[in-house]
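Based on the provided sequences and hints, a complete structural model is requested.
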Amino acid sequence: MIDERPPLVTFLLRIADDNLVLAQRLGELISWMPELEEDIAIANLSLDHLGQATAFLGYAAELTGTSDADQLAMTRNEREFLNSVMVERPNGDFGQTMARQFFVDAYQAPFYRALADSADERIAGVAAKAEKESRYHLEYSSSWLTRLGDGTEESHRRMQAGIDQMWPFVDDLFATDDIEIQLRVDGIAPELVDVRRSFDETVTNVFASARLSVPADPYQRLGGRRGFHSEHLGPLLAEMQSLYRAMPGVSW
Amino acid sequence: MNSTRVDLVELRAEIGEIPDPEVPVLTIADLGILRSVEESPEGIVVTITPTYSGCPAMHHIEQEVLGVLAAHHVEGVVAMAFSPAWSTDWMTDVGREKLGAYGIAPPRPLETSISIRQVKISCPQCSSTDTELINRFGSTACKSLRRCLDCLEPFDHFKEF
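Line by line, the protein sequences are chains G and X. Just so it is clear: in the first sequence, position 55 is 55 by this note's numbering, and no numbers are missing. Just so it is clear: in the second sequence, position 100 is 1100 by this note's numbering, and no numbers are missing.
Errors might be hidden in some of the hints.
Here chain G is said to cover these stretches of chain X; the calculated rule only asks that three of the stretch's residues, wherever they fall, bring their Cβ under 8 Å from a Cβ of chain G [claimed, not checked]: (1) 1075 to 1085; (2) 1092 to 1098; (3) 1128 to 1136; (4) 1139 to 1147.
Which chain G residues stay away from chain X? Per the calculated CB distances, all over 10 Å, these [unchecked claim]: (5) GLY92; (6) VAL126; (7) LYS129; (8) ALA208.
Using C-beta positions, here's what the derived DEER-type ranges look like [what the hints assert, rightly or not]: (9) X:VAL1045 <-> G:VAL250: 23 to 33 Å; (10) G:SER155 <-> X:GLU1132: 32 to 42 Å; (11) G:ASP177 <-> X:GLU1010: 51 to 61 Å; (12) G:GLY92 <-> X:GLU1132: 23 to 33 Å; (13) G:SER230 <-> X:HIS1060: 34 to 44 Å; (14) X:PRO1041 <-> G:ASP177: 39 to 49 Å; (15) G:THR64 <-> X:GLU1062: 21 to 31 Å; (16) G:PRO34 <-> X:GLY1016: 38 to 48 Å; (17) G:SER155 <-> X:HIS1060: 27 to 37 Å; (18) X:VAL1045 <-> G:SER213: 49 to 59 Å.
Hints listed in this document are in silico derivations from the structure and should not be mistaken for laboratory results. Every residue gets a Cβ at the ideal spot worked out from N, C-alpha and C, and that includes glycine.
Structure (structure tokens):
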């Protein structure tokens, strides 16, 4: 189980699983977006997240002696996934999808920036690349928050509803525990205080121009990083893993 | 390992000619993703770097590189280097010219004292600088979609990254 893993593997899986699960969620939307341009955009976002997941899973696979990234992605059970509960939230309407994307982007951009200075060179290299990608994602999601939040009465109502839906899962993006302490001492994992400060600044600035507000309800749902997920992750994994589980090791 | 001596400079030149599968007008040398071709005790090590983490072309390029090595009867491996991260500034001037002639607006330089926003993107058809962004994302991870406001043609822009 989780506690038997080397801390570095746990750390890598937390990053990888955020990206893998989000890539799968975004993939569900391909061919269903309201406009062709957004369909292409969502596929590109999904591909970037999948690429990031593959890089971190590949490293984790080497450390654990697992055969490869595919096996880690396709044979772990729900409780072994360490993604934040944010990324498993269902797509909902476009406002909810963009709210989720914005929160993830606003977290990942400064997170990867800090991770690019990691003492682990391999992690630093992947993070340096991923940072550029997530900054670009953030431009995209921010522009939609502004356009919808500062748009018509109806678009504002639905964008704010999307924010309200996703807000209770924000803190779980930053959730950490003792497993990562030594990694931080060793300079492998970043300090999250600065990452959170940058996230808060982004939220304040974008919400101001988008006329959106932070929900008053302080409730936050935690646990994803320790494998405690919502009811939404299981069905997602069942769909994602069904082919591989039916035909282990399959490739095409 | 095979004892055949290979000229690393020639080998590098040949590997560098491998076309990018998504933008075939560019070679991997033009793109700047071929890092090094070196000899090691285990054979030739060809180091390439991904443009985007999820770029589906990387696997294809890896196979092409191994094909070139096989043609020379040398053993070798392809190594993937993430750091330092690839940037469009690594694209050669020849590559930029080829892109423009192919109908894709080349990336503007990132390492410049003036803000990148102030450098206009020209239409590859009519050279007008009066163009607008249609979509930040395009047909491949490395491109965005724009439109020329003079000749009205839509075109791809190899985005700065």
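Hints, one by one, checked against the model:
1. 1075 to 1085: holds (count 5)
2. 1092 to 1098: violated (count 0)
3. 1128 to 1136: holds (count 3)
4. 1139 to 1147: holds (count 3)
5. GLY92: Nearest chain X Cβ is 21 Å from G:GLY92, so the label holds.
6. VAL126: Violated, since 5 Å does not exceed 10 Å.
7. LYS129: violated (4 Å)
8. ALA208: holds (21 Å)
9. X:VAL1045 <-> G:VAL250: 23 to 33 Å: About 31 Å separates the Cβ atoms of X:VAL1045 and G:VAL250, which means 23 to 33 Å holds.
10. G:SER155 <-> X:GLU1132: 32 to 42 Å: Check failed, 22 Å falls outside 32 to 42 Å.
11. G:ASP177 <-> X:GLU1010: 51 to 61 Å: For G:ASP177 and X:GLU1010 the Cβ distance comes to about 54 Å; the hint holds.
12. G:GLY92 <-> X:GLU1132: 23 to 33 Å: holds (31 Å)
13. G:SER230 <-> X:HIS1060: 34 to 44 Å: Holds, since G:SER230 and X:HIS1060 (Cβ atoms, about 38 Å apart) stay within the stated range.
14. X:PRO1041 <-> G:ASP177: 39 to 49 Å: holds (43 Å)
15. G:THR64 <-> X:GLU1062: 21 to 31 Å: Holds, at about 24 Å.
16. G:PRO34 <-> X:GLY1016: 38 to 48 Å: holds (43 Å)
17. G:SER155 <-> X:HIS1060: 27 to 37 Å: At 41 Å between Cβs, range violated.
18. X:VAL1045 <-> G:SER213: 49 to 59 Å: holds (55 Å)
In the structure shown, a violation is registered for the earlier hints numbered 2, 6, 7, 10, 17, in ascending order.
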